[in-house]
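Next come the chains, spelled out residue by residue.
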Amino acid sequence: MNEAMAFVIATPLLGAMVAAVFPRQSHWLGVLSLILNAVAVGLLLAFTLSQGKSTMVLGGWQEGLGIALHADALATLMLALTACVALAVSFYATGYFHNPRDAARFWPLWLLLVAALNGLFLAGDLFNLYVTLELLGLSAVALTALGGKRESIDAALRYLMVGLLGSLGYLAGVAILYTAFGTLDMQQVGDQVAVDPASETALVLMTGGLLLKTALFPLHFWLPAAHSNAPAPVSAALSALVVKAGFYLVLRLWTEVFPQAVPEQGALLLGVLGSMAILWGSWQALRAQRLKLLAAYSTVAQLGYLFVGLALLVITPAGAAHDLVFGAIVLMALTHGFAKSSLFLAIGVVQQHAGHDRIDHLDGTSQRLPATTFAIALAGVALIGLPPSGAFLGKWHLISTSINGGQWLLVLVMGIGSLLAAAYIFRVLGHAFGEAAFASRPVNNASAEWPALTLGIIATLGLGLGSAWVWPFLGGAA
Amino acid sequence: MLDASTLYGLLGIFLASLGLHATILQRDILRRILAINILGVGVFLVFIATAYNGPGVAPDAVPHALVLTGIVVAVAATALALALQRRLEMLRRESDDE
Numbered sequence: 177m178n179e180a181m182a183f184v185i186a187t188p189l190l191g192a193m194v195a196a197v198f199p200r201q202s203h204w205l206g207v208l209s210l211i212l213n214a215v216a217v218g219l220l221l222a223f224t225l226s227q228g229k230s231t232m233v234l235g236g237w238q239e240g241l242g243i244a245l246h247a248d249a250l251a252t253l254m255l256a257l258t259a260c261v262a263l264a265v266s267f268y269a270t271g272y273f274h275n276p277r278d279a280a281r282f283w284p285l286w287l288l289l290v291a292a293l294n295g296l297f298l299a300g301d302l303f304n305l306y307v308t309l310e311l312l313g314l315s316a317v318a319l320t321a322l323g324g325k326r327e328s329i330d331a332a333l334r335y336l337m338v339g340l341l342g343s344l345g346y347l348a349g350v351a352i353l354y355t356a357f358g359t360l361d362m363q364q365v366g367d368q369v370a371v372d373p374a375s376e377t378a379l380v381l382m383t384g385g386l387l388l389k390t391a392l393f394p395l396h397f398w399l400p401a402a403h404s405n406a407p408a409p410v411s412a413a414l415s416a417l418v419v420k421a422g423f424y425l426v427l428r429l430w431t432e433v434f435p436q437a438v439p440e441q442g443a444l445l446l447g448v449l450g451s452m453a454i455l456w457g458s459w460q461a462l463r464a465q466r467l468k469l470l471a472a473y474s475t476v477a478q479l480g481y482l483f484v485g486l487a488l489l490v491i492t493p494a495g496a497a498h499d500l501v502f503g504a505i506v507l508m509a510l511t512h513g514f515a516k517s518s519l520f521l522a523i524g525v526v527q528q529h530a531g532h533d534r535i536d537h538l539d540g541t542s543q544r545l546p547a548t549t550f551a552i553a554l555a556g557v558a559l560i561g562l563p564p565s566g567a568f569l570g571k572w573h574l575i576s577t578s579i580n581g582g583q584w585l586l587v588l589v590m591g592i593g594s595l596l597a598a599a600y601i602f603r604v605l606g607h608a609f610g611e612a613a614f615a616s617r618p619v620n621n622a623s624a625e626w627p628a629l630t631l632g633i634i635a636t637l638g639l640g641l642g643s644a645w646v647w648p649f650l651g652g653a654a
Numbered sequence: 013m014l015d016a017s018t019l020y021g022l023l024g025i026f027l028a029s030l031g032l033h034a035t036i037l038q039r040d041i042l043r044r045i046l047a048i049n050i051l052g053v054g055v056f057l058v059f060i061a062t063a064y065n066g067p068g069v070a071p072d073a074v075p076h077a078l079v080l081t082g083i084v085v086a087v088a089a090t091a092l093a094l095a096l097q098r099r100l101e102m103l104r105r106e107s108d109d110e
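These protein sequence lines map, in sequence, to chains A and B. Everything in the first sequence is counted per the working numbering, starting at 177 for the first residue and increasing by one. Everything in the second sequence is counted per the working numbering, starting at 13 for the first residue and increasing by one.
Just so you know, these hints were derived from the structure itself, not from any lab. What you are looking at is a predicted structure, and each value in this text was computed from that prediction instead of being measured. By construction, the Cβ of each residue, glycine as well, lies at the ideal position given by its N, Cα and C atoms. Incorrect hints may have been included.
Derived DEER-like restraints, expressed as beta-carbon distance ranges [as the list claims (entries may be wrong)]: (1) B/Met102 <-> A/Pro276: 18 to 26 Å; (2) A/Asp539 <-> B/Glu106: 31 to 39 Å; (3) B/Val84 <-> A/Glu611: 54 to 62 Å; (4) A/Gly591 <-> B/Glu106: 43 to 51 Å; (5) A/Gly242 <-> B/Leu14: 34 to 42 Å; (6) A/Pro439 <-> B/Ile36: 22 to 30 Å; (7) B/Ile83 <-> A/Leu641: 44 to 52 Å; (8) A/Ser576 <-> B/Ala16: 55 to 63 Å; (9) A/Gly358 <-> B/Asp15: 17 to 25 Å; (10) B/Glu106 <-> A/Asn621: 27 to 35 Å; (11) A/Glu179 <-> B/Leu42: 41 to 49 Å; (12) B/Ala88 <-> A/Arg200: 42 to 50 Å; (13) A/Lys229 <-> B/Ala88: 14 to 22 Å; (14) A/Gly358 <-> B/Ala88: 23 to 31 Å.
So that you can see chain A by itself, here it is in the shape it has in the complex (with noise of 0.2 Å):
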């Protein structure tokens, strides 16, 4: 059944052609091939489940001349967080564009950004990775511009400058590396890099330029307008699926394409901007005068966590430690992407509810959007990482990693950032719960809320209860 990895790309791609083509049909096109979508991935995902990693070369050309796809237990699971983000995201954006020329302007870029992320995680060969990489800025910074009004624009237009300069340092990498050893294909690349100044040279413009596009601190610069300023289901794709991309490809570059070349500076460095992007985001999220600003500030956070991960699995020798540090970042990514997507959504609703998102006016939230206010707290639950969600887990096991190796500081980061968390978390909820001057009859909106209490159930119970076959099932693919 690895043929469902063509139509994993296929569909989202047609789908958004289609929609281009009838925009008055578009938002059912959309649904129905992200639906077929999803069902690609889980037909990918269960046979990697049972047969391990697969590969695939289109259109019957030999490895290395034609384009291959692999699947291995990484990649399926970043596709099935993009099929289900994607659906949810879907399902909500039916009913929020009520002007139909918005509408027929977000499918065909939605799908085209769902097909980018799509390629982007079973691409196997370097060049094919700028491709889906420039494609999915492309197609994000397109829709951030959606809102409409200035601060989106503008926010859209340092979108795409440091998009564009992300992937040129990328592809500039990827020059020197087709120079140094005449292929792109990842694992022949990987077979042969070495510590010589070309490998480290590559490393560094094609690292440099994903954490440009990734927004580790102190890159993030460009992140809380873009992902603020957007309409909500954008925000959701945007901080839950597009930042992670740039985050897969830093790992599989770290683990699989330059193990050989990375300098244990490089480990430590990665570590000391994570640990800044947790505290400095997480502050930053305190600070916040407005939900989805908030919301921004707290992805900048969370991709700390992902990179302090990364940098434990650097140093972490091969061995159980080493595969539960790499589980514990999977899981991490995974649960942020539930537990924001639900957080953008259900702050869409409660925008759209009240007229504007300023957390010190949400008093009353909770009697007139208790659904919402519900998915709320469940994301908080996850971005805290508070039993018995995915991110419990995973910080568990980075912080017991982290104990284990004498890293007292990054233990001590990681506290800080949960309490923050916590904070900014329970700020909201505060107002929420507050009395409101005016009582007012609850409201459910069904259609409305679903997507974003899904999302939220999914992050906080779904990934924290399952969570048990995680690690074999990436373990039983190394």
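Please arrange chain B on chain A, whose structure you already have, making use of the hints.
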């Protein structure tokens, strides 16, 4: 000493550095869009220069194909940047009129 391939490669690195410098330091959006294009051209030039296999030998075709793809992407990205810039300028004028 300095063969054509190295010369073009160095030229590409020079152009890329020039573009990078201006992309980061320029405030004007149009200049930044131009600068990032120059940066792109520099990277492409380095890539093309590596394809040279010496006189009389066919150059490696792969970098050429890749750079062609890169140029297509750069054109699309520039178009998007210009469209956003125009919209921003329009919104700015509207808010100034008010």
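Okay, the hints, checked on the actual structure:
no. : hint                              : in the structure
1   : B/Met102 <-> A/Pro276: 18 to 26 Å : holds (23 Å)
2   : A/Asp539 <-> B/Glu106: 31 to 39 Å : holds (35 Å)
3   : B/Val84 <-> A/Glu611: 54 to 62 Å  : holds (58 Å)
4   : A/Gly591 <-> B/Glu106: 43 to 51 Å : holds (49 Å)
5   : A/Gly242 <-> B/Leu14: 34 to 42 Å  : holds (38 Å)
6   : A/Pro439 <-> B/Ile36: 22 to 30 Å  : holds (26 Å)
7   : B/Ile83 <-> A/Leu641: 44 to 52 Å  : holds (50 Å)
8   : A/Ser576 <-> B/Ala16: 55 to 63 Å  : holds (58 Å)
9   : A/Gly358 <-> B/Asp15: 17 to 25 Å  : holds (19 Å)
10  : B/Glu106 <-> A/Asn621: 27 to 35 Å : holds (34 Å)
11  : A/Glu179 <-> B/Leu42: 41 to 49 Å  : holds (47 Å)
12  : B/Ala88 <-> A/Arg200: 42 to 50 Å  : violated (26 Å)
13  : A/Lys229 <-> B/Ala88: 14 to 22 Å  : violated (33 Å)
14  : A/Gly358 <-> B/Ala88: 23 to 31 Å  : holds (29 Å)
Violated hints, in rising order: 12, 13; the structure is consistent with all others.
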